[in-house]
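Participant: This is what each chain is made of:
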Amino acid sequence: MRPPPDNETESRKRLVSLMTRHQRQVFSYIYTLVPDRHDAEDILQETSLVICEKFDDFEEGTDFVAWACQIAYWRVRYARQKFARSKVVFNQEIVDAIALTASTLQKETGDRHEALLHCLRKLHPRDRELLLTRYEPGSGVPEAAKRSGRSLEAAYKALNRLRKLLFDCVTHQLAMGGPR
Amino acid sequence: MLSDKEILELNELCNALVDGAFTEAQRVRIASWLSRSEEARQFYVRAMALSASLCHYATEMHADEPDNIPAPGARGRGWFGSVAAPLAAAACVTMVFWVFNRGKPIEPLAETRTDEVVARLTASKECQWGGGAAFSPGVVLRRGQRLELAKGFAEITFDSGAQVVLEGPATLDITSAWDTTLRQGALKASVLPEAIGFSINSEAVKVVDLGTEFTMIADAGGAADVLVLKGEVEATPRRGPGLDSILLRENESRRFEQSGVTDVRDREQKFARFNQRVPLERFARPVRYVHWSLDEREGAWLKADDFGARLDRFDLRLESVPETKRAALSVEGRSQSALRFDGRIYARAPFPGLSGNVVHTVAFWVKVSEDSQLSSAYAMVAWWAENRQFGSRPVHIGWNRNPNEGTIGVLRTDYGRGFALGATPLRDGRWHHVAVVFVPRADGATLPEVKQYVDGRLEGEGRPSPPGGGFSTNVNELVRDAVWLGCRLGETGPKRERFRGELDELCIGEGALSPPEIVQLMKENKPLTLEAAAQK
Numbered sequence: 001m002r003p004p005p006d007n008e009t010e011s012r013k014r015l016v017s018l019m020t021r022h023q024r025q026v027f028s029y030i031y032t033l034v035p036d037r038h039d040a041e042d043i044l045q046e047t048s049l050v051i052c053e054k055f056d057d058f059e060e061g062t063d064f065v066a067w068a069c070q071i072a073y074w075r076v077r078y079a080r081q082k083f084a085r086s087k088v089v090f091n092q093e094i095v096d097a098i099a100l101t102a103s104t105l106q107k108e109t110g111d112r113h114e115a116l117l118h119c120l121r122k123l124h125p126r127d128r129e130l131l132l133t134r135y136e137p138g139s140g141v142p143e144a145a146k147r148s149g150r151s152l153e154a155a156y157k158a159l160n161r162l163r164k165l166l167f168d169c170v171t172h173q174l175a176m177g178g179p180r
Numbered sequence: 001m002l003s004d005k006e007i008l009e010l011n012e013l014c015n016a017l018v019d020g021a022f023t024e025a026q027r028v029r030i031a032s033w034l035s036r037s038e039e040a041r042q043f044y045v046r047a048m049a050l051s052a053s054l055c056h057y058a059t060e061m062h063a064d065e066p067d068n069i070p071a072p073g074a075r076g077r078g079w080f081g082s083v084a085a086p087l088a089a090a091a092c093v094t095m096v097f098w099v100f101n102r103g104k105p106i107e108p109l110a111e112t113r114t115d116e117v118v119a120r121l122t123a124s125k126e127c128q129w130g131g132g133a134a135f136s137p138g139v140v141l142r143r144g145q146r147l148e149l150a151k152g153f154a155e156i157t158f159d160s161g162a163q164v165v166l167e168g169p170a171t172l173d174i175t176s177a178w179d180t181t182l183r184q185g186a187l188k189a190s191v192l193p194e195a196i197g198f199s200i201n202s203e204a205v206k207v208v209d210l211g212t213e214f215t216m217i218a219d220a221g222g223a224a225d226v227l228v229l230k231g232e233v234e235a236t237p238r239r240g241p242g243l244d245s246i247l248l249r250e251n252e253s254r255r256f257e258q259s260g261v262t263d264v265r266d267r268e269q270k271f272a273r274f275n276q277r278v279p280l281e282r283f284a285r286p287v288r289y290v291h292w293s294l295d296e297r298e299g300a301w302l303k304a305d306d307f308g309a310r311l312d313r314f315d316l317r318l319e320s321v322p323e324t325k326r327a328a329l330s331v332e333g334r335s336q337s338a339l340r341f342d343g344r345i346y347a348r349a350p351f352p353g354l355s356g357n358v359v360h361t362v363a364f365w366v367k368v369s370e371d372s373q374l375s376s377a378y379a380m381v382a383w384w385a386e387n388r389q390f391g392s393r394p395v396h397i398g399w400n401r402n403p404n405e406g407t408i409g410v411l412r413t414d415y416g417r418g419f420a421l422g423a424t425p426l427r428d429g430r431w432h433h434v435a436v437v438f439v440p441r442a443d444g445a446t447l448p449e450v451k452q453y454v455d456g457r458l459e460g461e462g463r464p465s466p467p468g469g470g471f472s473t474n475v476n477e478l479v480r481d482a483v484w485l486g487c488r489l490g491e492t493g494p495k496r497e498r499f500r501g502e503l504d505e506l507c508i509g510e511g512a513l514s515p516p517e518i519v520q521l522m523k524e525n526k527p528l529t530l531e532a533a534a535q536k
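Here the protein sequences line up with chains A and B, keeping their order.
Reminder that position 44 of the first sequence reads as 44 in the numbering used here, one-by-one numbering, no gaps.
Reminder that position 106 of the second sequence reads as 106 in the numbering used here, one-by-one numbering, no gaps.
Simulated from the structure, these hints should not be mistaken for laboratory data.
Please note that the accuracy of each hint is not assured.
Pair by pair, the computed Cβ-Cβ distance ranges are [stated by the list, open to error]:
| # | chain 1 | residue 1 | chain 2 | residue 2 | range |
| --- | --- | --- | --- | --- | --- |
| 1 | B | Arg238 | A | Asp63 | 48 to 58 Å |
| 2 | A | Arg77 | B | Lys5 | 28 to 38 Å |
| 3 | B | Met1 | A | Trp74 | 27 to 37 Å |
| 4 | B | Glu39 | A | Trp74 | 21 to 31 Å |
| 5 | B | Asp173 | A | Lys107 | 52 to 62 Å |
| 6 | B | Arg441 | A | Thr104 | 54 to 64 Å |
| 7 | B | Ala328 | A | Gly149 | 38 to 48 Å |
| 8 | A | Glu10 | B | Lys125 | 49 to 59 Å |
| 9 | A | Arg161 | B | Met1 | 21 to 31 Å |
| 10 | B | Ser335 | A | Thr104 | 56 to 66 Å |
| 11 | B | Ser335 | A | Thr62 | 48 to 58 Å |
| 12 | B | Arg441 | A | Trp74 | 40 to 50 Å |
In this text, all values refer to a predicted model and were calculated from it rather than measured experimentally.
Ideal placement from N, C-alpha and C gives every residue a C-beta, glycine not left out.
So that you can see chain A by itself, here it is in the shape it has in the complex (with noise of 0.2 Å):
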C-alpha cells in the first residue's frame, strides 16, 4: 500500500539515498549470476524498477542490499524463462547455488571492491589502461587491444594475466587487514 502524501516524499528521498549506496553492489550480485555486461544492465535496470514498486514492502532497518538481491534474484529466474537460456550460461541449480555463496560473500565482496582500486593504482599506467579500455561502456578485448596495440591474443593474455594480478592482490591487502 502506498503511504500518505505526506509520507511519500520521506519514502522516495529513503529509496533514492539507498539505492545510490547500493546500486553498484546489486549490479555486482547480478553479474555473478548473468556475467554479460548488458544482460546484467538489463536486469538492473528491470530490478530497479521493482524495488521502486515495492519499496512500501521493505522493512526499514533490515538489509537493504539482501531485499534488493531477492528481487534481482527473481529477475534473472524470469530471464531464464524469457530468453530461454540464451542470457545466463548455467542451469538453475547452478545459478541457485552461486546466489547463495554470493549472499555469503556480500560483506566481502564489498571490501574487495576498495581494495580494487588501491590494486589498480598499484598497476603500469599501460597495464591498467588495458584493463579499463576493456571494461568501458561498449569496449571489448578487441577494441583493447587495437588500442593498446597489441594482437588479439595477446591482449587476451594479458587481461588475464592482470586479472590474476588484481585478484591475488585484492585477496592480500584484505588478509593485511584492509586497502594499504
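Since the structure of chain A is provided, determine the placement of chain B on it from the hints.
Facilitator: Only chain B this time, still in chain A's reference frame:
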C-alpha cells in the same frame, strides 16, 4: 582447499566467460566445478565481482588520467561512485518520481543556460528597433533577451512552435522556448497544437495557450487586455481581488488590472483590428534537403532524393545483410515502405560535409516495439562530428537506456560533451516522428545547441554530459562524412551494438529547421515552402 593448478584452471575458465570467448567444453567444465565445490563457487563469485568492479571503475574513470582515479574511502557510494554521486542521486530521483507517477511522462531535469537560443526572428515589416539594438529577420534570440520594437511588426518563432507577432511600440522579454513576457504594447500569438502550453505573461495576467490565436495589449499602467481570436486560453490574474483562472473562448475578451477583471473597452474595434492579417516580409532561407523515402530498393541500395530530383551520390547501402534476406527488411511504413532493423543490419550513406561544424536537422519516423531490450537502443541514426575545441566524437540518436539520467525509452541524442533527453516513451509499437536540430556554435568553444522534437513537440534540449569520455584522433575515413543507420558508431566503423525497430522517411536538412518546418515534414512529408509559411 583448491590446488594452484585448480585455481589456474578456474581463473582461465572465468576469464573466458567474462570475455565471451567461451566454448561449450569450457561451459561444461565450469558447470561441473560450480555444481560440486563450494570453494570453486567462492572463487567464481570473487572473480566475477572483480569484473563487475572493473566495469564500475572503467565507467567512472573512462579515459581519465591515472591521477584522476578516485581517492580511496568512497565507501558505500553508488554505481556512479564518488565522481558522480550527486548525479546518481538526482537520477534516482528522476526514476523514483517516474515510478511513483507511472503514465505521466516527466520532463528531464532542466539545466538553465542564459545564452541558450530559444527563438528566432522569422519575419518583419517596417521595423524600427529601440534600446540601441537592430534585429534583422533570421537572427536567433536567446533566453533573457529583451526586444524593444519602436515601430512596425516583428514575428518571433519560439523553439516550442509558438509564434508571436509583436506590434510596435512594444517591449517583449524572451524568457524561454515556452514563455515570454510582454512588458508593454500589443502582440498576437498563434500556437501550433504541438506548442500547447506556451504562456505569455504581463504585469497583470498570465495567459496559457490551449491551442489558439489570441491578442494581448499591455499598457503603461500595468493593465492588460486579452482577446481570443480562435480556440481558447486560460488566463490567470497576477494581482487584484480574485486570482482564479478564467477560461476564455473564441471571441471572448477580458481586461486585467489592479482593481480586478472587467470588460474590454472598444472590443469590437480591437477584434476587427487584430483579426486582420498583416503581410510580413519573411526571411528567405534556402534549405537543401537530402531525403531517403526507404521505399525504392535496388539490391543493397536505397535511393536518395531532394524531395524531387534524385541524388545518386547520397544513396544508402544496406550492410551485413545477405541478398536473400533483403526483401524481408522492407515492411509497411508510415508512408509506403519502411526499413526494418533486426539487430544485425545497418546502413550507410555518404554525406559530404556532415562531420564538419555545420548546422543541420535530422528528421525521420521511427517505430520501436514495446518489448525492445536495452541492448537494442543504439542507434537509430548516427554520424561522426568533429569540433576543434571538443574533439572528434560520434553523434547518436537513439532511445535512453540509462535510468540514472532519465526515463528509459525516451528519445536520446548523445554528442561530444553533451546529451539531450526527451519525455515521450518511444517503445510503444507506434510510429513517432523525430527531429533533432543540431547547431554547432560559431566560436567552436561552447557546446552545440541541440533540440529534439518528438511528434512535432519540443522535448529535450542539450545539456552537458558528466565529466569523462575520451576523444578520437584516429578516425577512419569511412566513418567521416556519412550518415549511419541502425548501429553504434566507433572511430573505425560500426560497433557491435545494433538498433532494433523500423525507420521511415529519413531526411537531413542543411539548416536549423523551425518548428513549423518540422511539423510540415511530419504532416505532409515535404518541406515547407516560403509561400506556405506566409499562409500559416
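Participant: Which of the numbered hints above does this structure break?
Facilitator: none
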